[in-house]
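Protein chains in written order, with my numbering: chain A, 1 to 203; chain B, 1 to 744.
Please keep in mind that the hints were generated in silico from the structure rather than gathered at the bench. What you are looking at is a predicted structure, and each value in this text was computed from that prediction instead of being measured. Beta carbons: idealized from backbone N, C-alpha and C, even for Gly. Nothing false has been slipped in among the hints.
Keeping only pairs whose Cα atoms sit at most 25 Å apart, straight-line, the calculated DSS-like set for lysine-lysine is: (1) B:Lys145 x B:Lys134; (2) A:Lys61 x A:Lys132; (3) B:Lys35 x A:Lys61; (4) B:Lys669 x A:Lys176; (5) B:Lys43 x A:Lys53; (6) B:Lys296 x B:Lys164; (7) B:Lys35 x A:Lys132; (8) B:Lys396 x B:Lys595; (9) B:Lys43 x A:Lys61; (10) B:Lys422 x B:Lys738; (11) B:Lys616 x A:Lys176; (12) A:Lys176 x B:Lys617; (13) A:Lys203 x A:Lys121.
Chain A residues, not near chain B, derived (Cβ > 10 Å throughout): (14) Thr52; (15) Asp104; (16) Lys165; (17) Pro167; (18) Thr170; (19) Ala197; (20) Gly201.
Okay, here's what each chain looks like letter by letter:
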Amino acid sequence: MTDSRQSSGARASGFHRRDFLRGSGAVAAATAVQTQLAAQQEKASKVISGATKITLTVNGKEQAVSVEPRTTLLDVLRYQLDLTGAKPVSMDSSSGASTVLVDDQPMSASSLLAVACVGKKIRTAESLGGEKPDPVPSAFVAHDAQQCGFCTPGFVVAVRAFLDKHPRATEEEIRKGLNGNICRCGTYANIIQAAIAVVKGGK
Amino acid sequence: MADIQYSWPDRDSSKVIGGRQIRLDGMAKSTGAAKYTYDINLKNMLVARALGSPHAHCTIKSIDSSLAEKVPGVVHVHVLDHAKPGSEIRWQGELLVIVAAESEAAAMEGISKLRVEYEPLDVFVDEFNLEAAKKAGRTAKDGGKVQLEKEPGDDEDESTFADKELERLLKQSAHRVEGFYGIDAITHCCLEPHGATVYWDNDQLIAYLSTQNVSGTDEGFANDLKIPADKVDVRCQYVGGGFGSKFAPDYWGTAAARIAKATGRPVKLMLSRDQELKLGGNRPSAYLKVRLGADKDGVVTVWDSDHWSSPGADGPGVPQGVIPYVFTPKNYRRTVTKVTTNNGPARAWRAPNHPQGCAITQTAYDDMAAKMGISSYDLFLKNLGTDDSPGVAGAKPSVYAAELEIAARLIDWKAKWHPHGKGARRGDIVDGLGISLHTWGGGGHGSTCIVKIHPDGGVESFCGTQDIGTGTRTVCAMVLAETFGLNVDAIRVNYGSSRLPVSGPSGGSTTVGGVSESHRRAGQEALAKINEMVSAKLGVPAADLIAVDGRIQARGDAKKGVSWKEACGMLGMKPLEVTATFRPSPTKSPLSDTKVGGVQMAHVEVDTRTGLIRMKKFVAVQDMGLIVNRRLAESQIYGAVIMGIAYSLFEQRISDPASGAFLNADMSKYNLCRLGDIGEIVVEMYEPESERSRGVIGLGEPPVIGPGAAISNAVCNALGFRVPLLPMTPQRVLEAIKNNAGRA
Numbered sequence: 001m002t003d004s005r006q007s008s009g010a011r012a013s014g015f016h017r018r019d020f021l022r023g024s025g026a027v028a029a030a031t032a033v034q035t036q037l038a039a040q041q042e043k044a045s046k047v048i049s050g051a052t053k054i055t056l057t058v059n060g061k062e063q064a065v066s067v068e069p070r071t072t073l074l075d076v077l078r079y080q081l082d083l084t085g086a087k088p089v090s091m092d093s094s095s096g097a098s099t100v101l102v103d104d105q106p107m108s109a110s111s112l113l114a115v116a117c118v119g120k121k122i123r124t125a126e127s128l129g130g131e132k133p134d135p136v137p138s139a140f141v142a143h144d145a146q147q148c149g150f151c152t153p154g155f156v157v158a159v160r161a162f163l164d165k166h167p168r169a170t171e172e173e174i175r176k177g178l179n180g181n182i183c184r185c186g187t188y189a190n191i192i193q194a195a196i197a198v199v200k201g202g203k
Numbered sequence: 001m002a003d004i005q006y007s008w009p010d011r012d013s014s015k016v017i018g019g020r021q022i023r024l025d026g027m028a029k030s031t032g033a034a035k036y037t038y039d040i041n042l043k044n045m046l047v048a049r050a051l052g053s054p055h056a057h058c059t060i061k062s063i064d065s066s067l068a069e070k071v072p073g074v075v076h077v078h079v080l081d082h083a084k085p086g087s088e089i090r091w092q093g094e095l096l097v098i099v100a101a102e103s104e105a106a107a108m109e110g111i112s113k114l115r116v117e118y119e120p121l122d123v124f125v126d127e128f129n130l131e132a133a134k135k136a137g138r139t140a141k142d143g144g145k146v147q148l149e150k151e152p153g154d155d156e157d158e159s160t161f162a163d164k165e166l167e168r169l170l171k172q173s174a175h176r177v178e179g180f181y182g183i184d185a186i187t188h189c190c191l192e193p194h195g196a197t198v199y200w201d202n203d204q205l206i207a208y209l210s211t212q213n214v215s216g217t218d219e220g221f222a223n224d225l226k227i228p229a230d231k232v233d234v235r236c237q238y239v240g241g242g243f244g245s246k247f248a249p250d251y252w253g254t255a256a257a258r259i260a261k262a263t264g265r266p267v268k269l270m271l272s273r274d275q276e277l278k279l280g281g282n283r284p285s286a287y288l289k290v291r292l293g294a295d296k297d298g299v300v301t302v303w304d305s306d307h308w309s310s311p312g313a314d315g316p317g318v319p320q321g322v323i324p325y326v327f328t329p330k331n332y333r334r335t336v337t338k339v340t341t342n343n344g345p346a347r348a349w350r351a352p353n354h355p356q357g358c359a360i361t362q363t364a365y366d367d368m369a370a371k372m373g374i375s376s377y378d379l380f381l382k383n384l385g386t387d388d389s390p391g392v393a394g395a396k397p398s399v400y401a402a403e404l405e406i407a408a409r410l411i412d413w414k415a416k417w418h419p420h421g422k423g424a425r426r427g428d429i430v431d432g433l434g435i436s437l438h439t440w441g442g443g444g445h446g447s448t449c450i451v452k453i454h455p456d457g458g459v460e461s462f463c464g465t466q467d468i469g470t471g472t473r474t475v476c477a478m479v480l481a482e483t484f485g486l487n488v489d490a491i492r493v494n495y496g497s498s499r500l501p502v503s504g505p506s507g508g509s510t511t512v513g514g515v516s517e518s519h520r521r522a523g524q525e526a527l528a529k530i531n532e533m534v535s536a537k538l539g540v541p542a543a544d545l546i547a548v549d550g551r552i553q554a555r556g557d558a559k560k561g562v563s564w565k566e567a568c569g570m571l572g573m574k575p576l577e578v579t580a581t582f583r584p585s586p587t588k589s590p591l592s593d594t595k596v597g598g599v600q601m602a603h604v605e606v607d608t609r610t611g612l613i614r615m616k617k618f619v620a621v622q623d624m625g626l627i628v629n630r631r632l633a634e635s636q637i638y639g640a641v642i643m644g645i646a647y648s649l650f651e652q653r654i655s656d657p658a659s660g661a662f663l664n665a666d667m668s669k670y671n672l673c674r675l676g677d678i679g680e681i682v683v684e685m686y687e688p689e690s691e692r693s694r695g696v697i698g699l700g701e702p703p704v705i706g707p708g709a710a711i712s713n714a715v716c717n718a719l720g721f722r723v724p725l726l727p728m729t730p731q732r733v734l735e736a737i738k739n740n741a742g743r744a
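The shape of chain A in the complex, shown without the other chains:
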């Protein structure tokens, strides 16, 4: 990861696309949108504009929301459902701060159109909290894997998705596999420890 990113030079773009896709981060949002749009185009040639009512499945609940074609999933979550754990740090999915699970895949809500999420199961960081929190946020708390906390919900979701896929990840794999999210305060060292603890706990 380090190598591929650095070799592109500080004056080039942030990180290697192939590694990014392989990594935890909000994956392949663009692809998903394209697929969805293609499917829609096949069904009908009708041009959609203005607000439309759709139903999204968010954290296990059916939610009726009003969206325009341009409305992102992030906007719907934050402004209509008041689920503000996913954060608007970048609009191009390069920070991972808006990572949510869409059909169990980590994706950037900032670069997904809401209309493309109809019929999919969306889970946000909020779903990992509650009375019996998921082991990932619990490990983040125990290992102080947060400072200002603004990137944290996105990171928690990314770690959850990564460990679901790699439940026995080694430290090396953790260091290589979680490079889609950015933390400015520098909580990475503690996030690595938190992820290791979740693996050890078998959860």
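Following the hints, complete the assembly by docking chain B onto the known chain A.
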């Protein structure tokens, strides 16, 4: 009642202080329950976005917002005063027009429909190029200082004397180094951009502000809006990144209030990502040319440097006072030139000026070790001097010496060190070790706190402080829990509103010192009152009562006592309220102190074929007086080191010399460290009794100072020559290898 002697319990009897209490709001942060300014959604709220200037330097000729106003969903268009026709704009991104709409998307569409005519003016952003800056008329002398052991004779001119004396000293020196070192400008890049969510309740302004300065920003709103400060309530429970750039409402904050007034609706206005990078503050660049001379032992005795620094369009550059950094040679001359550019103005960046000072001067000290063929460890140690005759500013030489020894052990310096450029090669890979020293003040700021004890035993505190990620909330609760012998979760901490008692801004690593002072003072005073009541009931002198394990009891006789709840029940119907204020003064407080020192060491690998640098290990040894929360203190140090790795290897603001555009103002191109880039980081607290007994000292800034020099020195140790500029991108490493052909 006798005067209260403020004090901390000693190490052995501390139950909470010095422990590893987990962050109280950790779960809220981890699961999205924590609400930041950006997350505040108010009923009927408008979302505002702003148009930033595409030009780095221009005059505004005209603004036509008629099309924007017709965009469905757009409710209000606000042209900022500084953007009215005829105004000069001096950096790219400066906000011109704000569009408030029913949704962010509608606001953005509104912005796209604004028609602005600009007249471009001359642009200068090439701050690295001093000659070009001079030609463009963008330079100014920015101070300097000469100090020489020998004084000029009566008939000698001072400046010619300095010239001659410095030449003489350099010539006399057993070893000489001439070098060039630099560090580019970086931005604050807070993940939550600057901004506010505001509404009016009749004539009262409620402003949720992403701020490091809850108690001090109500005045800022009031002055700008010409309303009494008592009509403003600034609120901030969580702030998504504050590294010195969030101390004021800023003109966009007050503009949000004006739009809210004009529309009668709540308004949210946050900077976009590129605006955050362009306007949200930056750390000045600094480039230094130096000649230095050392005696036969490697003690630097003469230093002669010129450096230039650019804060962008406004603000202070890196001053002469941090040159050379920590070390204080007996003879020196240091001069500064400030370069003004068409980049956004600088703002205080975590440990202002220290990281740059450290990176551009302790590298020169390391080059002296390289020149002499001795270990940097030995050279740094020799230049410390002694406690009686220090060769360093800041912490005592004995503290640095002890920390050097610890750091060397943790990084295995003896076994792993080799002379510069003489290490074993593994294919294209060479490795090396580097050191740096740092110092910082970190004395607590002024802070007032009210502690309220309810007759049912509940404890609350009220303090107009903020938690920028340091863990202020947790620290306040720990101090009171320790004081009253209670569990941390029994304390309710109220902070994050300008309606609360005034506490200082979170800058300069002053918060933990400040709030520990006010909370401990209020706590000890409240406990004295509780103890008086218990004393009367039990017949035990108040001075012999202690608060421990949820009880007030006689020292050495646990049976003689009452539970905390019973004790509080003696208050009757009314809660007890105690207010305490800490005001920093030259007289040392028994609870806090100032000045810390730290030592950092880096172990890196350099790939000479690709120019890639890989962090193997980083050791940070830090003094911070008395540690309140060991876990949170460690987090601060890890974070600071990681931020340091970012500015050493990745992070830089890149401006286009022709247009002045900030080319990498987004997260995908503004390279920060990612999780896989950090290597192994080892944090060691230096807390012997001599330091612990000094009391609490702030920690947020000091550990971010040293990584630049330590990592640069490690790279130089690996290659045998210097990569002179930070960040040391692969391109720069390869350039250095080319320039030193045959040496790598």
